[in-house]
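Chains as they are written, first to last, in the working numbering: chain X, 2 to 84; chain A, 766 to 1349.
Hints listed in this document are in silico derivations from the structure and should not be mistaken for laboratory results. Worth double-checking, as some hints may not be accurate.
Facing chain A, according to a computed beta carbon distance under 8 Å, are these residues of chain X, among others [said to hold, decoys possible]:
{"hint": "1", "residue": "11"}
{"hint": "2", "residue": "41"}
{"hint": "3", "residue": "61"}
C-beta: ideal position from N, C-alpha, C; glycine also.
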Amino acid sequence: MPKNEEVLQQIVDILKPKVSKDGLEVTAELDLVNDLGLDSLKVMEILEDLEDTFDISIPINILPGIRTVGDLVAEIQKLSDDK
Amino acid sequence: MQATPTSHNLPLQFENFTTLAQALDYAAQGETGYNFYSGRGKLYATLPYAELRHEARILARKLISLGVSRGSRVALVADTHPDFVRFFFACQYAGFTPVPLPAKIQLSGRHEYVNQLERLLSICQAKLAMATDDFMPFLIEAATRLDIHFVGNPQTYDKFSESRVELKPLGASELAYLQYTSGSTRFPRGVMITQAAVLNNLSSIIKHGVKIRPGDRAVSWLPYYHDMGLVGLLLAPLACQISVDYISTRDFAMRPRLWLKVMSENRATISFSPPFGYDLAACRLRDDEIGNYDLSSWRVAGVGAEMIRTEMLENFSNMLAPSGFNPQAFLPCYGMAECSLAVCFGPLGKGMLTDQVDADQLAEHQKAQPVKSAPASNNHRSNTFVICGGPLPGYEMEIRDSEGRELPERQCGTLYLRGPSVMSGYFGDLKATREVLSPDGWLNTGDIAYRIGSGLVITGRSKDIIIIKGRNIWPQDIEYLAEIQPEIRTGDATAFSILNSQSDELAVVMVECRETDNEKRLDLIRRLNRLIRQELGIDCIIELVPRNTLTRTTSGKPSRHATRNDYLKQFAAGNLENRPEINA
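This is chain X alone, in the form it adopts within the complex (with noise of 0.2 Å):
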């Protein structure tokens, strides 16, 4: 079972080639449409990146909930502790 900061760097990797912004460093407060500039095609990108690599379905209802990298990350672990 990977652990929390596991996670969170695997979920930066596939995150920091989809930010525009150079430079950036990716963290857990940071807002992923706010301070990342994440479009929705941007943001669907990154769904099916992060279900391939840790092999998961992520539920459509959860996206409203999710506005932070951390919130992201805490979806993901949760998620793969579930599987």
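Using the hints provided, position chain A relative to the given structure of chain X.
Same frame as chain X, now just chain A:
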């Protein structure tokens, strides 16, 4: 589990139905039906028309037992799922009007989605409401302040006992459904479509648009809450008894290649998408997969729902040529929810036919003067438009100037339509209905177009609409978000779109603001940026201008068109604070 078959023995019939219930009664005599695929491309449910009819009739009796009156609106969160389809047809047999609601939620968008659902439930005065478990929490929250007789998931509805009354399906003059336009989320309008109207459109689509033949099979990822997904890919296949394979819209957005995989595996012949969908599929194609698909059976690749840009389609067909995709399969079409769905189809099997016109003549005189693509005319700027074909039988079209006079061929004006599948009006909104629908049946589409013979060319959709990465954004929604800020007064914001150097649309909002403190101005811009992203999911260029500098119409409202021209002039002169590259 096995998908419903493509070939079957039930003779093709589509012209004698006057209601959707009749169409299903007939289709239920065959073996075809609907199939549902998961995000991993696995078939997870089948719903043959025979089973759909059986289950819809049982559910109809359960709905009737709830005691709401005939014609009551039943709001259905339109997730791509067999339960939505079952409820939609249960309404047909029970005598209720189904109202598909959007099943579309974004990151941190809970609040906006709940508000949107509440508005939609309230406008149609829904008596019953249903969502699958994924969407149930949002529906319940949206319904708390409303007087709705019953709100539940499919399982709770299924527990009710069946009424013993004889089923009286919706008749030809009753509404078939209420369809919210894909327009403004803040000011939504519910299009009323009668059974007679939609059945007329379905038979025209089947006979003249797509020319259904034995061996046809459709694939769709289009949402059931849009006209193209609901009428074109749910109702039309049933009305001509062919099988359909569905992928949910969200799964398509996440894994666009699924579309091609299912098309290929099932040797499907028909699919429709906005240009944006073809673009997305092409962008996310992986090199090692290109030759793996077999798209040689794909004979109708319908393109509609937004302005058609040929480059996107060319890119798609070039990339998928090794998979046997035939560019002649592209079928341009034009339509809108207010006409049930379709108004024009291009000629089948001819691909994209285009018209190249002089850009200066078009901009200055609204005249579509053809240019030769020969090298000699290289010094002329030109625009290329797709010819959407002629109107379906029974439809009349006129291009009119701002005074209402009919314009000759190749002159741009507003497109008016009259025909057998036009809506009865917007539900509960006589004012909005009168604005677009005249007593003698002419519909003002708001779209800008010209005519070549009987062929229609659209040059601008709904003059103000902003389309960004396939999403329709209505300027009044952006303006509203600006105007609810304490620093900004109502009527002091105007939104429009411009094109960047790659011809992509960018949204701009110009706001009159008396605040001079730089820090406070920046704060306003940041706040507004965040709000627009949250509510509408797009980036927007925000330009603060001094008071009384926006160009206004005689009624005092800012003119979007004139402001846009001012903006482009100032931009060219380098007078603006924001460069599109900065925010975009």
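Evaluation of the provided hints:
1. 11: 18 Å, violated
2. 41: 5 Å, holds
3. 61: 5 Å, holds
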